[in-house]
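Asker: Chain residues, written in single-letter form:
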Amino acid sequence: MTSAEIVTSRTAEEGRSTPLGIWLVLLKHHLRLIAPSGMIWIIGLVLTASVVAGVWIDTFPTEQERLALAQSIEGNPAFEAMFGKAIQIHTIEGFTLWRAGGPLFPAIVIWGMLAATRLARGDEDRGHDELLLGGVLSRRALFLSALVTPLIFAVAYTILTVVALMAISDISASGAIRFACGMAGGFTFFAALGALLVQLTPSRSSAVRIGLGVIGAALAMRILSVLEQMPEWLPWLTPFGWFTEIGTIEVGSNLPFLLFGAGTLVLAGVATTLAQQREIHGSLLLGDQETAGPQPPYKSLWWHEVQQSRPAVIGFSLVGVLLTGIFGMVANDFAEFIVDFPAFAAFLGEFGLSDPGDPSAYIGLIITMLVLVPALFAAGHVAAIREEEATGRLTVLLILPLERHRWLITNVLVGLAGIVIISLLVGFSAMIGTSITGTMLAPADALSAGLNLIPIAVLFTGLGVLIFGIYPQLTGPLLYTVLLTSFLLVLLDAFLDIPGWLITLSPFEHQPMVPGEAANLTVSAIFLVLGVAGVIIGAIAFRRRDMMMD
Amino acid sequence: MAHHASSVLEFDRVTKRFGQTVALDDLSMTLQQGEVVGLLGSNGAGKTTALRVLLGLIKPTSGQATVYGYDSWRDPVAVHRRLAYVPSEFNVWPNLTGGQILDLLGAIYGGYDEEIRQHYTERFVFDPNKKGRTYSKGNRQKIALIAALMTRADLLVMDEPTSGLDPILEQEFQSVLREAKARGQTVLLSSHVLSEVETACDRVAILRNGRLVEYGTLKELRHLSARTVEAMYRGTPPVLDQVPGIEDIEIEDGLLRLQVTGSTDLLIKALATSEITSLQVREPTLEELFHSYYGEEPTRDQR
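Respectively, the protein sequence lines represent chains W and R.
Numbering follows the working numbering, with no gaps: position 437 of the first sequence is 437.
The working numbering runs 1000 ahead of the 1-based position in the second sequence.
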């Protein structure tokens, strides 16, 4: 029988799946959509938490040292601002929740937001959902699959984390489960919030912007809640506070689990209801105006690129200013604490802090950590350059009398301007933060701290442009991987015996903690030279290669 | 510099490979000033690759494409000063209005006549005040068309320019093409709409599996191709055994239908041996010509 005869001999009913079968295919499709990035997130999160818990015994081998640590940290706003409220950190359960959960909780909620918005709106924005909804699939089934998929990842993350923590450390089962469930609770809560936001906004990108704003505000509230003058109920207002209240099974609270569960269910329920009322490509709250009215003219490439980069510059600046400002406010508490606990100063020496008793040294450490803000901005900017090519928008510009290198250099210079603005604002917000508590950082030191962040961001810009010129499809994934891996290496080096040659490869290892330390002009010059060389070689390679769209 | 000083555009033995795939295979063709040339071919025939080579967006593996004597790959900016391009898919910036996108493209081109832009904006019934993300495919295509036409470039390169446009605007596009030709603009038009090409183009190039299988005026192509002959007869059918160049003979109820290539002299003499009541000789349409080039062997996509 020929294929044409087969087609004519079969009825439309033959080969049809059951509704459940169709839904399972859809679920598999959704799982596949976020599986690559999901696996990277899970591995990174599980590995980092396991390392923190695994080295606890070596770092604090005696009960006396653990109690000294707890006495010095618990209630100290400087440390609680960094990692959250410290509860029973003389136990491995309390320490893991505080030390690993502090930086990892914001990371996992960002992942939840990105994953849910990708699933619930990404395909729709790309026009793929019409194909699915044009068949027998209902909008409800499609949306439920998008909601269930993050839940599957949350379960996988929880199981892997519990197993890894218990295999690598002496943590109790209850401690491992409380940590993993708290993290997974934050993930599902913000995933549900993301699924709700895409119903209210006209696109995934708008939902992500608002979602990241909510996460930033919640984090800021958690940081502010450790200040003495703040009311005790303040942490309970946000999921970031709920997570820190989990504590241990002896002293902590179980209410956060209930709040995470109930909050997720309520948000997911509202999102599901709204999803059925919203038109495809529509928005229930923030619509695109049909007519935008008079708009400023776009009279040059420069103006265009500045306008395109402006939201990212503002967003990264706000995050940097907020975090540095708040940490600046608690710098004095840190200095007073460290004078009383010289043993802890030695512990912090593992991070490279030379004189922890000096508030400016603490600011130096914080700003060095916050170098991620301009560095991530730089990576995002270069990834956006690739996005222009991948979507074909660049083709429309490059068939005009515009040299490829001119377009690229214009973009790079706009990105560099953004890096300078963000870096200087980070430096000066530390000065403002410290001035509130009476230990003002000198303007010259603030300027120096800000300027010190620029070379490393330039270095990552250069690396990104180099990848873009040679292998454009890898620009975002490779650049982010190198950036985050090299940062993680330096963080983990405080706990692990990482080979020296490997640590030396990380640019963050060479970053001086200005203003606690003097700026290292040689390092800065090397970063700048390498960054500029990367841009030049990348630009040449870009000129010589074919345009590559997705 | 180009090999033919008078030609606007020239592909000189251009080959483009993507790994093992040969997207363009030794393509050679030229366009003269003021010509409207249609580029035809099935999906994957190499039309878009040819245009991307011409625009300097991809580098030919061998050979050279030139526009007004400038090498497309080595000197793309000089090429782009003389041409305007309409892509088949135009992804706009979602946060810019249509007007801002036209501002930007016009500014980078080096300026344009505001009144001409306004003319085409009204003619294509385009609202420039909406955000990019709200435009339909047809409206996005209008931006590309207006941006290209407002420049008054010497050469218009269009890749399926009417995709997404409604039938009324498709017709409007036809008259825009005629006006462009009357002004002396040269047009290279890649299209799947054969009627559009048949109406507007002076010459037609047919690509198949990356190779140029035919290039000429419609008259030349028709001359080389078989014509359809239909004759009504009474009595016995004519004897055609000795007539060269005929094929697909069908005889049914006093109607004879066949295809003839080359001279019809011997055919007419053979028909005259019977009692012919009516005779019709019809030249092939572009669609028939196109199918004749694609009916012989499977294309790359069909394999």
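Since the hints were made in silico from the structure, they are not lab data.
A few of these clues could be false.
[Said to hold, decoys possible] Partial list, derived from the structure: chain W residues whose beta carbon lies under 8 Å from chain R:
hint : residue
1    : Ile-249
2    : Ser-253
3    : Trp-302
4    : Thr-391
5    : Arg-393
6    : Leu-398
[Claimed, not checked] Listed next, the in silico SDA-like pairs over lysine to any residue satisfying Cα-Cα at most 20 Å (straight line):
hint : chain 1 : residue 1 : chain 2 : residue 2
7    : R       : Lys-1269  : R       : Lys-1219
8    : R       : Lys-1059  : W       : Gln-473
9    : R       : Lys-1137  : W       : Ala-390
10   : R       : Lys-1059  : W       : Ser-283
11   : R       : Lys-1137  : W       : Ile-540
12   : R       : Lys-1137  : R       : Tyr-1109
13   : R       : Lys-1130  : W       : Ser-283
14   : R       : Lys-1219  : R       : Gly-1262
15   : R       : Lys-1059  : W       : Val-414
16   : W       : Lys-299   : R       : Lys-1269
17   : W       : Lys-299   : R       : Lys-1219
18   : R       : Lys-1219  : R       : Val-1229
19   : R       : Lys-1059  : W       : Arg-545
20   : W       : Lys-299   : R       : Gly-1111
21   : R       : Lys-1137  : W       : Val-414
22   : R       : Lys-1137  : W       : Leu-131
23   : R       : Lys-1269  : R       : His-1291
24   : R       : Lys-1137  : W       : Asp-546
25   : W       : Lys-299   : R       : Gly-1110
26   : R       : Lys-1059  : W       : Asp-546
27   : R       : Lys-1059  : W       : Leu-131
28   : R       : Lys-1137  : W       : Arg-126
29   : W       : Lys-299   : W       : Ala-164
Glycine included, C-beta positions come from ideal geometry on N, C-alpha and C.
Asker: If a hint holds in the structure, say so; if it does not, say that too.
Answerer: Hint check results:
Taking 8 Å as the C-beta contact cut-off toward chain R, the hint placing Ile-249 of chain W at the interface is violated, the least distance being around 49 Å. With a cut of 8 Å, the hint placing Ser-253 of chain W at the interface with chain R is violated, because the nearest CB-to-CB distance is about 44 Å. Hint status for Trp-302 of chain W relative to chain R: violated, with the closest Cβ pair at about 10 Å, above 8 Å. Interface hint at Thr-391 of chain W: satisfied, since its Cβ lies 5 Å from the closest Cβ of chain R, which is below the 8 Å cut-off.
Look at Arg-393 of chain W: its Cβ gets to within about 5 Å of chain R, closer than 8 Å, so that hint holds up. A hinted interface residue such as Leu-398 of chain W counts as satisfied when its beta carbon comes closer than 8 Å to some beta carbon of chain R; here the least separation is about 7 Å, so the hint holds. For the hint linking Lys-1269 of chain R to Lys-1219 of chain R, the alpha-carbon distance of about 25 Å lies beyond 20 Å, and the restraint is violated. A threshold of 20 Å between alpha carbons decides the hint, and for Lys-1059 of chain R with Gln-473 of chain W the separation of about 18 Å falls inside it, so the pair holds.
Of the supplied pair hints, the one linking Lys-1137 of chain R and Ala-390 of chain W holds, its CA atoms being roughly 18 Å apart against a limit of 20 Å. Of the supplied pair hints, the one linking Lys-1059 of chain R and Ser-283 of chain W is violated, its CA atoms being roughly 43 Å apart against a limit of 20 Å. For a cut-off of 20 Å, the pair hint linking Lys-1137 of chain R to Ile-540 of chain W is broken: about 35 Å separates their Cα positions. In summary, the hint linking Lys-1137 of chain R to Tyr-1109 of chain R is not supported, as the alpha carbons are separated by about 24 Å, beyond the 20 Å threshold.
For the hint linking Lys-1130 of chain R to Ser-283 of chain W, the alpha-carbon distance of about 16 Å falls within 20 Å, and the restraint holds. Note on Lys-1219 of chain R and Gly-1262 of chain R: the hinted pairing holds, with a Cα-Cα distance of about 13 Å set against a maximum of 20 Å. Taking the CA atoms of Lys-1059 of chain R and Val-414 of chain W, the gap is about 29 Å. The hint is violated against a cut of 20 Å. For the hint linking Lys-299 of chain W to Lys-1269 of chain R, the alpha-carbon distance of about 71 Å lies beyond 20 Å, and the restraint is violated.
The straight-line distance between the Cα atoms of Lys-299 of chain W and Lys-1219 of chain R is roughly 47 Å, outside the 20 Å bound, and the hint therefore fails. The straight-line distance between the Cα atoms of Lys-1219 of chain R and Val-1229 of chain R is roughly 18 Å, inside the 20 Å bound, and the hint therefore holds. For a cut-off of 20 Å, the pair hint linking Lys-1059 of chain R to Arg-545 of chain W stands: about 7 Å separates their Cα positions. Taking the CA atoms of Lys-299 of chain W and Gly-1111 of chain R, the gap is near 10 Å; set against the 20 Å cutoff, the hint holds.
Distance restraint check for Lys-1137 of chain R and Val-414 of chain W: the Cα-Cα separation of roughly 31 Å exceeds the 20 Å cut-off, and the hinted pair is therefore not satisfied. With a C-alpha separation of about 16 Å, the suggested pair Lys-1137 of chain R and Leu-131 of chain W falls inside the 20 Å cut-off, and the hint holds. Among the hinted pairs, Lys-1269 of chain R with His-1291 of chain R is inconsistent with the structure: their alpha-carbon atoms are about 30 Å apart, more than 20 Å. Proposed proximity of Lys-1137 of chain R and Asp-546 of chain W is contradicted: the alpha carbons are some 26 Å apart, above 20 Å.
Distance hint between Lys-299 of chain W and Gly-1110 of chain R is fulfilled; the C-alpha atoms sit about 10 Å from each other, no more than 20 Å. For the hint pairing Lys-1059 of chain R with Asp-546 of chain W, the CA-to-CA distance comes to about 6 Å; that is within 20 Å, so the pair holds. Between Lys-1059 of chain R and Leu-131 of chain W, the direct Cα distance comes to roughly 35 Å. Violation of the 20 Å bound is thereby established for this hinted pair. Under the criterion of a C-alpha separation no larger than 20 Å, the hint pairing Lys-1137 of chain R with Arg-126 of chain W is consistent with the structure, at around 13 Å.
Taking the CA atoms of Lys-299 of chain W and Ala-164 of chain W, the gap is near 57 Å; set against the 20 Å cutoff, the hint is violated.
The structure shown violates the earlier hints numbered 1, 2, 3, 7, 10, 11, 12, 15, 16, 17, 21, 23, 24, 27 and 29.
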